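**Student:** Chain by chain, the residues:
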Amino acid sequence: MKWETVIGLEIHAQLATRSKIFSGASTRYGAEPNTQACAVDLGLPGVLPVLNAEVVRMAVKFGLATHSTVAPRSIFARKNYFYPDLPKGYQISQYELPIVHDGYLDIEVDEDTVKRIGITRAHLEEDAGKSLHEDFHGMTGIDLNRAGTPLLEIVSEPDMRSAREAVAYMKKIHSLVRYLGICDGNMQEGSFRCDANVSVRPQGQAALGTRAELKNINSFRFVEQAINYEVERQIAVLEGGGTVIQETRLFDADRHETRPMRSKEEANDYRYFPDPDLLPVEIEPAFIDAVRQTLPELPEVKKQRFMEDYGLSVYDAGVLTATRELGDYFETVVEACGGQGKLAANWVMGDLSGALNKAGLEIGASPVSADVLGGLLRRIEDGTISGKIAKQVFEALWAGAGSADEVIESQGLKQISDSSAIEGIIRDVLANSPKQVEQYRNGQEKVFGYFVGQVMKATQGKANPKQVNELLKKMINDA
Amino acid sequence: MHHKTLVELGAGLRQGEYSSEELTRACLDRAAVLDPQLNSIITLTGEQALQAARDADARIRSGEAGPLTGIPYAHKDIFCTKGVRTSCGSRMLDNFIAPYDATVTRQLNAAGAVMIGKTNMDEFAMGSSNETSFYGPVSNPWDSETVPGGSSGGSAAAVAARLVPVSTGTDTGGSIRQPAALCGITGLKPTYGRVSRYGMIAFASSLDQAGPFARTAEDAALMLGAMAGFDPRDSTSVERTVEDYTGGLGDSLEGLKIGLPNEFFGEGLDSTVAAAVEAALDEYRKLGAIITEISLPNSQLAVPTYYVVAPAECSSNLSRFDGVRFGYRATDPADLEDLYKRSRGEGFGAEVKRRIMIGTYALSAGYYDAYYLKAQQARRLIREDFIRAFEQVDVIMGPTSPSVAFRLGEKSNNPVTMYLSDIYTIAVNLAGLPGMSIPAGFATDMPVGLQLIGNYFEEARLLNAAHRYQQVTDWHERIPPGYE
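Chains S and E are the protein sequences, given in the same order. Throughout, the numbering used here is defined as the position within the first sequence, counted from one, plus 1295. Throughout, the numbering used here is defined as the position within the second sequence, counted from one, plus 229.
I should point out that these hints are in silico values taken from the structure, not numbers from a laboratory. Hints are not guaranteed to be accurate.
Each computed DSS-like pair below joins lysine-lysine, with the alpha-carbon atoms no more than 25 Å apart [claimed, not checked]:
no., chain 1, residue 1, chain 2, residue 2
1, S, Lys1752, S, Lys1683
2, S, Lys1410, S, Lys1597
3, E, Lys515, S, Lys1374
4, S, Lys1686, S, Lys1709
5, E, Lys603, S, Lys1374
6, S, Lys1653, S, Lys1709
7, S, Lys1597, S, Lys1466
8, S, Lys1757, S, Lys1709
9, S, Lys1374, E, Lys582
10, S, Lys1374, S, Lys1410
11, E, Lys570, S, Lys1425
12, S, Lys1467, S, Lys1653
Being a predicted model, the structure only gives us computed values, none of them experimental.
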């Protein structure tokens, strides 16, 4: 039987606010345990939550960027359960009326296929603290620094049909929230993580199969591994005549498998009800308009513009708009090099990306700034240096040299474009290679490359290759 | 000195007749003698009180005193007080020293009021007789065999016994008005949102509201002025200027339209209480008020609605008492579940557990629509009844409680009978309106309370109506035998 995979994702994006969602405590990551938890975060008797207005602005940004409805009225609800790192015994979340709902995002499945993924809802909630099981013999430590950190939980429709699509969607959301400046996207620190709802059904069947919820997935690679494992597991169960049970499963990143959570951990009736300590969030059209004014150019729009303005391919435009930082870098390079979009794209996606990958650096930490790279490309464009020499200059710039012009000057790399000088060198080369000249005249045209090589060698690569080619052809035939 | 009102004491302090330190010492001394039998105070804070009194004296000398500066008061043990045990009447918080001040505490401190102690109360404010306290019941100063009412029983008894001129309380379903009635003093529950709930340990968040106890309406007005105000730490507090509540106290009641809800005078109301209330209403007629009958047709829904909404909210509010971060923790827990079960099982008393269980049930999957959602709908109907009534009348009046103070133990084994003692007060919380209880005579030698209910934020109108009545009556000046 052919099986079809059905996937929906729940992504938790930590909102990049300075203070927590319901208190004034800092959200900074990595502080000493329990140093960033105030009375409200600790759930002391008598404390009350007060909503951080910035999280509302950020959620609205996300709503606008995903063609969603921003709810004119949304409600915070309490999700009740006991856990030591949940100080109040309930998590403040949104349940029946989320702040954002019914939107979509288009993803590129491959180079020619675009697919629309529905966004069911995105709601605001507070994060819990952390339970630390290591370092405490027979006990558990509680760190409440993270308690009350604002999260936007983004729930998709079950529109994805493969792990690859799920990863493409997750990457797209990751890129978007960073474009919007509402999440730093740091997956190691848990600022961006996801749960996946996975089921399979016989190809052609309309009804959904029973799903498993995969929890605790904090990298793109793990999403793919977890889903693929789970799909195979479910198919094996069904083909073995069994039934898939609805359950929550944890992804074990070390063993690349999913396993069921103890039923105790999930057998919860959360007893949701509206939080009487918080007023409904009412959002007026004027507020939405004001937020719209602050939206940056979104990836889709930027991509179209790159294709039109710089003549880039869909693929190149897609790569260069994957993050806001990369797009900004690219455009700065284009400006600095005098508008050579394709040249800039080739360098940014080629030599620069290669070097960054090798060094494990993000674009923001590039040792070669966009202006400096642009300066280098300008010298290619105006013929001062060849593309080959440019690679040499780039290496110097990567190692910390100031500017392309300085490197060209100090290392004497300026291209030789003086015809008479090149002619002189060609003459010497031809004179010193009678055997090769003979071969060429006998029809072995590939020997031409040998002459070019000799000329370049004699000029340490500085001769203008185009001129070398032209002059060489003329002089061999004339000689 | 003990029989003087806040207004009189304030004048004495500012005129130098006595210092706040002397006054405070006198209150502490009186409490030391009388409170062992009353049990109205859980924690006496003598040292802090004397220090605060000396600070107040300095302020009075420098001419910067306000009406409350140097005035001793007793604070319900539901308000967090920095560095002082805040027990909420529960074993669960017997060891809890609050690390911060509630907004009400902070505001009273800022006004220069001197806290002499934290008062006894029903555990987590759940009760109508003060019998659910971990610290034992409070006696009614009028008859030590009867209850003072609850949940703010200690605060009401302390004022009635003249230990302090004023005190604070909280009212979720009648917890200020009912004990005020049963102890023969004046109590005011403000409009929901008028006083900050920050630092006031939550019972039912959508109903809880803090207010003052005093012997006179004028004193209550001064207390309310210091307690009220918008608080950015409480999203449900209302951004609205605090009026001068004493400003309109002399206003005439000529033409004041008073509505009497039929539903408050029917079956279940003790006839002697009814007679006292009728007599009080006659006084209002003499003062020029126009009294008409009105109807609050959904009144019968109030008690059942309340006993879904309040337990539902409390079941969630009290989840934080889990033995993990503060409060009572069971010894040697075997595992996490054992820690939770025993800490809560041993830390909470029977009434609190009963309400947590009722509330948990009402919010459970499959029951939510039938109970919680239905209760919210009923709550809207109750509120609309009042809104319609206030289109016709200025103030609604009736009995505060269906009977005078009952005997200790009389109702403690029958929760439903106990719950019905708040039958006239509960609807006011569900609607979020301001309400008062003032002394209005006696029945079988025990005080009777008259309840005044006002429209939203019309505390001043209630205080004025109470004050005018107190100018022509002396019920509020009666002293319980043995406390002269």
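**Student:** May I ask which of the numbered hints given earlier this structure violates, with the numbers listed in increasing order?
**Tutor:** Going through the list in order, the structure violates hints 3, 6, 10 and respects the others.
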